[in-house]
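Colleague: Make a model of the complete structure from these sequences and hints.
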Amino acid sequence: MSNAMEVEFYLDVLKAMARYERPEIFNTDQGSHFTSPLFTSLLQQAGLRILMDRRGRWMDNVFIERMWRSLKYECVYLHDFEIGSELRAGLLKWFGYYNAERSQSALAGQTPDEAYRANKAKKLAA
139 MSNAMEVEFY LDVLKAMARY ERPEIFNTDQ GSHFTSPLFT SLLQQAGLRI LMDRRGRWMD
199 NVFIERMWRS LKYECVYLHD FEIGSELRAG LLKWFGYYNA ERSQSALAGQ TPDEAYRANK
259 AKKLAA
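Numbering (our numbering), first residue to last: 139 to 264.
Hint data in this document are derived by calculation from the structure and do not stem from the laboratory. Check each hint, because a few of them may be wrong.
Quick list of simulated restraints, FRET-style, between CB atoms [what the hints assert, rightly or not]: (1) Leu-152 x Arg-255: 23 to 33 Å; (2) Lys-260 x Asn-165: 14 to 24 Å; (3) Gly-247 x Glu-220: 30 to 40 Å; (4) Asp-218 x Ala-264: 46 to 56 Å.
Nothing here was measured: the structure is a model prediction, and the numbers come from that model. We put the beta carbon where it would ideally sit given N, CA and C, even for glycine.
Modeller: This is the structure:
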């Protein structure tokens, strides 16, 4: 986690994401770290479509905004993480719960993992 708006942090995150399945679209707001030529060129080199929310339109990305709010109130603010490894362990535990165990009303009662698998199966069947 970082509270800095420096492009280097986000570049490191993108490089770490390369270990996982590549998304088709990368959605951001219009912060200077996301509009940086360094950042956008890395996305373009990876073949990702860049989607930027309109100015002041947090609702464009309401589902992810709600997830970050839940993370802060259900994990980060409740625990006094002293060091990075404690924070990492707490985040891994919370994201495991959120993705695999916590049903979501916006996903018709499915967990995010269940909804992802169902959507992937639909795409393969089409």
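Colleague: May I ask you to test the hint 30 to 40 Å on the CB atoms belonging to Gly-247 and Glu-220?
Modeller: 37 Å, holds
Colleague: Go ahead and decide if the range 14 to 24 Å is satisfied by the Cβ distance of Lys-260 to Asn-165.
Modeller: Since Lys-260 and Asn-165 have Cβ atoms about 21 Å apart, the given range 14 to 24 Å holds.
Colleague: Is 23 to 33 Å a correct range for the gap between the Cβ atoms of Leu-152 and Arg-255?
Modeller: 25 Å, holds
Colleague: Hint says 46 to 56 Å; check whether the CB-CB distance for Asp-218 and Ala-264 agrees.
Modeller: At roughly 48 Å between Cβ atoms, Ala-264 and Asp-218 fall inside 46 to 56 Å, so the hint holds.
Checked against the numbered hints given earlier, this structure breaks none of them.
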